[in-house]
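K.L.:
Below are the chains, spelled out letter by letter.
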Amino acid sequence: MAEMQYHVELVNICKSFGGVRACRNVNFRVKAGEIHALVGENGAGKSTLMKILSGAYAKDSGDIYIGGQKVNINSPKDGLSLGISVIYQEFALVGSLTVAENIFIDQLSEKGRLINWRRLRERASSALESLGFGSIPVDKAVSELSVAHRQVVEICKALARDASVLILDEPTSVLASGEAGQLFRLLRSLRDKGVTIIYISHRLEEIFKLCDRITVMKDGCHVGTYKTAELDEKELVSLMIGRTLESYFPARKPKIGETVMKLENISSGKTVKNVSFEVRRGEVLGITGLVGAGRTEAMRAVFGADPLDGGRVILNGRQVRFKTPERAVKHGIGMLPEDRKAHGVLLEMPIRTNITLTRLKSFTGPLKIINRKKETRYIEDLVKRLSIKAASIEDNVSSLSGGNQQKVAIAKLLASDCRILILDEPTRGVDVGAKIEIYNIINDLVANGFAVILISSEMAEIIGMCDRAVVMKDGSVAGILDKNELTEENLIKYSMGVN
Amino acid sequence: MKADLKTTVGDLKGSARIQRMPVNDFFVKNNAPIILFILIIVSSIVSENFLTWRNITTVLLQQVPYFLISMGVMLTIMTGGIDLSVAAVAGCSNVVVAILITKWGQDNVGMLFVCIALTILLGCAIGALNGFFIGKLRMAPFIVTLAMMSVAQGIAYLVSGGAQFRMKNEILSARALTWFAAYRDPLIGMPVLVYVTLAIILVLWFVMRYTPFGRLILAVGSNESAVRLAGINVTKYKFIAYVISGALAAAAGIIVTGRSALGSPLNAVQSDFALSTVAACVIGGVALEGGKGTVPFTVVGVLILALITNVMNLAGLASYPQYVVKGAVIIFAIFLSRLGREDG
Ligand SMILES: Nc1ncnc2c1ncn2[C@@H]1O[C@H](COP(=O)(O)OP(=O)(O)OP(=O)(O)O)[C@@H](O)[C@H]1O
Ligand SMILES: [Mg+2]
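Sequences listed follow chains A and B, in order. Under the working numbering, think of the first position of the first sequence as 1, with each following residue one higher. Under the working numbering, think of the first position of the second sequence as 500, with each following residue one higher.
Errors might be hidden in some of the hints.
Below, a list of computed lysine-lysine pairs in the DSS-like style, where the Cα atoms sit at most 30 angstroms apart [stated by the list, open to error]:
id: 1; chain 1: A; residue 1: K341; chain 2: B; residue 2: K791
id: 2; chain 1: B; residue 1: K735; chain 2: A; residue 2: K373
id: 3; chain 1: A; residue 1: K368; chain 2: B; residue 2: K791
Bear in mind the hints are in silico, worked out from the structure with no lab data behind them.
Required output: the full structure, derived from the provided sequences and hints.
P.N.:
Written out as structure tokens, the structure reads:
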């Protein structure tokens, strides 16, 4: 029988999707009032396990105990009424509604009454205040908040429904390294108030900073549960991926050539002002800064996805201007978008359709018929090269784990034959092993004369991968750092603007 | 078995496939053909005339305009849009081609082709306008095509002066058109129009299944911004979808003219082309949010609606209650087609 010291117990949980066994006899026990990390490779089954706990998926077999009581959780509603709240990486907030409306979305008024707006605002601000975020304006539309603050609102909403178990599925992947601190302070204070927190992340250094215990999953199985103090990062990685890693950032001998693209005083909307820099053949150029510094917006304007209001783009010595992404791609510039689900992949389409989207013409014969054999060969080649884990290339991308979805997006980009690649957070939500694979791909590309622009919020990634880095702040370039100036200190200094 | 999550596609091809598709899944995926099958059985029990060759060929002939329009509407829905102007475009073409034939086709059959070509061009033009507003200016398909419906209805009234008129039988081109629209091949008695329609459907089926165009139409509907950012000209594909839809609607209108020898602006207002064809698509599994659907299933959708009407006629149901039954059946069929979806 279950022991009382555990708040949440999952016993012998099994779950399969068709032929894929996402959870196999998983045992997972979380104590009351701890921050418990759940880690593992992409596709290890972490999200699936949490969806079973919250009621989003039905388990095939196994038992769930909350506070020692065996419970039946058959729908998200059951989960909520047991105090289980999940915060997904993709926000579940309604952007056009205000902070207050979002927090109390399912309890806008007392039973059968009209909405008392004044009272609603008061309740919202006192709820935010109790978390230490009284500064967030309750009347603002959520879409106008920073990502970090949206997260706070999301947590506040969960607590407003009396959540006693808070599950955070990769909450920091959208935050810059510096911004996560706020979130951590909040989580610690919630733990001290007795909230049980399950924390999923691929950023291992966070886990050591934040969590009390760690459960590792691999291939749908429970590997073990450890006190954080018992492990170091190396050991944790080897538990996760089953081998030891020498270094996270594979070495590369830079072979840097001539300038291929030069930006002069790029402006776009209100978010990008006078951005100038250049990128050279064989170079990995980083762009970093806080979330909202205008990194993505600047590159989207260059790429033709957003209007370019001012400035010049000079490609191989000739001035160009891309009205649409189509023009940019024709000129050999490709982009891996930041938001994978919204812009990166076609979730409800097979891997096949995704990868060859831009190069279908290269598989057609005289009648414009797609030669499927030829196409399949091409796809399987890329799938192997990027080690995309999937049962079949006819499976929809939505059935893949986050990291593998990202690799499909990268495969699609590589298939477009572009020589200048803008990678916007390419390793977001990607596990350590796959990260290194992506870094290897990047190194491989630049070694072959590609130019890579790497937008990243992770300082370690910028330092480890880039030959130079542009630091942006408030829509402008705060500094351009050479390899030997790339230190954490410098990056913070320029991105925060403390000189 | 421990390795199956780790292997890459090459090694694991098929291991997930080996598992049999659950029976339940099979019914959900194929609900349209199953409904059709059941309908055929029910119909043949209700009426002994149903399974006669004469009835079958007649139903197919009646459905020719629906088949044509559904194909166009299907394309627009696949791109994530919709074309509600089709009924009006067909009605407008019905009037326009009748007028052109009356004007130019007196004693020259060759002019018939010119009249038909011009009318289809008119359909293309209206479709192009739809495509421009929706594809290029990114306006909402629903309201753009609804407004275009009004425009096409207006044109139908304007050019006809508001009254219905009959093409005179002395007009050579008119005679040729009505003859062609009713002609059945002497071997098995199948109307030629059905062959023409079948050819068009086969071409479209082939294009959707085997060519980049078909792949990209569905891709655009599945995630437009991802396709755009991959460097594909989304506007072009949407535009083409609406142009084809307009052209096929115009063709349907010409066929209505051929079968009735009438040019009637009322067609532009009263026909159920828009509702029936959109419903046929949805029943056939073309998702209204785009990115899903196949040509054969859409054809099945058209047939399902056709059989419902046919069996009500054969059973001698009066026409007013037929409207009610048909609407109810459409709603029920759409309900069925949603059953298999997780997003509820
Ligand atoms: N709805 C689904 N349909 C089919 N297969 C699925 C579905 N959801 C998950 N899977 C499969 O189950 C396995 C576990 O996926 P899950 O999302 O739980 O992984 P994860 O550990 O959360 O990975 P990540 O770190 O990438 O988010 C994967 O192989 C995935 O392809
Ligand atoms: Mg996950």
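K.L.:
Give a verdict on every hint.
P.N.:
The hints, checked one at a time:
no.: 1; hint: K341/A x K791/B; result: 18 angstroms, holds
no.: 2; hint: K735/B x K373/A; result: 28 angstroms, holds
no.: 3; hint: K368/A x K791/B; result: 22 angstroms, holds
Violated hints for the displayed structure: none, as all numbered hints are satisfied.
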